[in-house]
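Undergrad: Whenever a hint applies, use it, and build me the whole structure from the sequences.
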Amino acid sequence: MGRAPRGAARRPRARAPGASRARDARRGSRRVSPSELVDLLEGLDPLSELPRTGWVLRGVASPESLAAHSFGVAVAAMAIVDALREEGATVDGERVLRMALLHDAAEAKTGDIPMPRKTPAMQEALHAMEAAVIEDLLPEPYRALWTEAEAKDSLEARIVKAADKVQMMAKLRVYERQHRGRLDEFWANPKNERAMGFPFVERVFREIRTRAGR
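Under our numbering, think of the first position of the sequence shown as 545, with each following residue one higher.
Just so you know, these hints were derived from the structure itself, not from any lab.
Positions of the beta carbon are idealized from the N, C-alpha and C atoms, including for glycine.
Just so you know, not all the hints are guaranteed correct.
Claimed, not checked - Think about it this way: if two alpha-carbon atoms lie no more than 25 Å apart in a straight line, the pair counts; the simulated SDA-like pairs of lysine to any residue are:
hint: 1; residue 1: 696; residue 2: 679
hint: 2; residue 1: 696; residue 2: 726
hint: 3; residue 1: 653; residue 2: 576
Stated by the list, open to error - Pair ranges (Cβ atoms, derived):
hint: 4; residue 1: 633; residue 2: 736; range: 35 to 43 Å
hint: 5; residue 1: 600; residue 2: 672; range: 20 to 28 Å
hint: 6; residue 1: 582; residue 2: 654; range: 18 to 26 Å
hint: 7; residue 1: 755; residue 2: 582; range: 36 to 44 Å
hint: 8; residue 1: 756; residue 2: 580; range: 25 to 33 Å
hint: 9; residue 1: 657; residue 2: 606; range: 13 to 21 Å
TA: Structure follows, in structure tokens:
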């Protein structure tokens with residue numbers, strides 16, 4: 545059989561019956577209803593207005609919102625996925641981005657409670673409260689993504705956690721350049737630069753420190 549003429553449109557490759565459904569099931573996704581989508585958007589809307597409390601407590605006026613933070617986390621996660629794939633890792637990039645978008649979803653109801661104010665008992669109580677919030681806030685197919693991100697056990701969840709820290713430290717550098725707030729303590733806390741075992745992320749943190757003269 546001869547080849548199609550150059551420039552001719554190619555037919556999409558046929559997929560095995562049920563292949564898309566099986567792939568979506570692994571990602572924890574099913575189609576949400578129109579009503580569920582409207583509820584989801586309304587429920588998450590406060591994230592666009594709520595500030596990141598850690599910046600507020602350190603004197604940063606009008607800091608980024610929780611939604612802006614989640615966008616930055618998604619961008620960082622995208623780059624980490626690409627770096628890991630180049631190193632030969634198999635990563636579900638779509639799942640990573642879904643988790644990045646939803647990892648702070650509960651804070652639409654609870655607000656942002658900064659880590660320095662959390663004792664272990666408070667952490668446990670907060671997690672229970674957030675889990676209850678998620679039950680009402682997220683449609684069933686998306687709850688598992690939030691739970692996975694919280695557990696930080698899977699490769700994809702660890703990428704999201706690393707991206708969360710990368711975004712925060714990059715934003716720290718931005719605020720320092722703008723002379724906003726009292727931010728030295730962020731550099732002194734090693735938890736703020738947890739690379740989650742990814743050499744690429746370690747290099748990102750070194751780049752941020754170099755640019756900050758640290």
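Undergrad: Run every hint past the structure and note whether it holds.
TA: We went through each hint and held it up to the structure:
Between residue 696 and residue 679, the direct Cα distance comes to roughly 19 Å. Compliance with the 25 Å bound is thereby established for this hinted pair. Restraint check for residue 696 and residue 726: not satisfied, since their Cα atoms lie roughly 30 Å apart, outside the 25 Å limit. Of the supplied pair hints, the one linking residue 653 and residue 576 holds, its CA atoms being roughly 21 Å apart against a limit of 25 Å. Range check, residue 633 to residue 736: Cβ separation about 24 Å, and the 35 to 43 Å hint is violated.
A hinted range of 20 to 28 Å holds for the C-beta pair residue 600 and residue 672, which are about 25 Å apart. Look at residue 582 against residue 654: about 22 Å separates their beta carbons, and that is inside 18 to 26 Å. Between residue 755 and residue 582 the Cβ separation comes to about 42 Å, which falls inside the hinted range of 36 to 44 Å. Look at residue 756 against residue 580: about 43 Å separates their beta carbons, and that is not inside 25 to 33 Å.
Residue 657 and residue 606 have their C-beta atoms about 20 Å apart, which keeps the hinted 13 to 21 Å range intact.
Of the numbered hints listed earlier, those contradicted by the structure are 2, 4 and 8.
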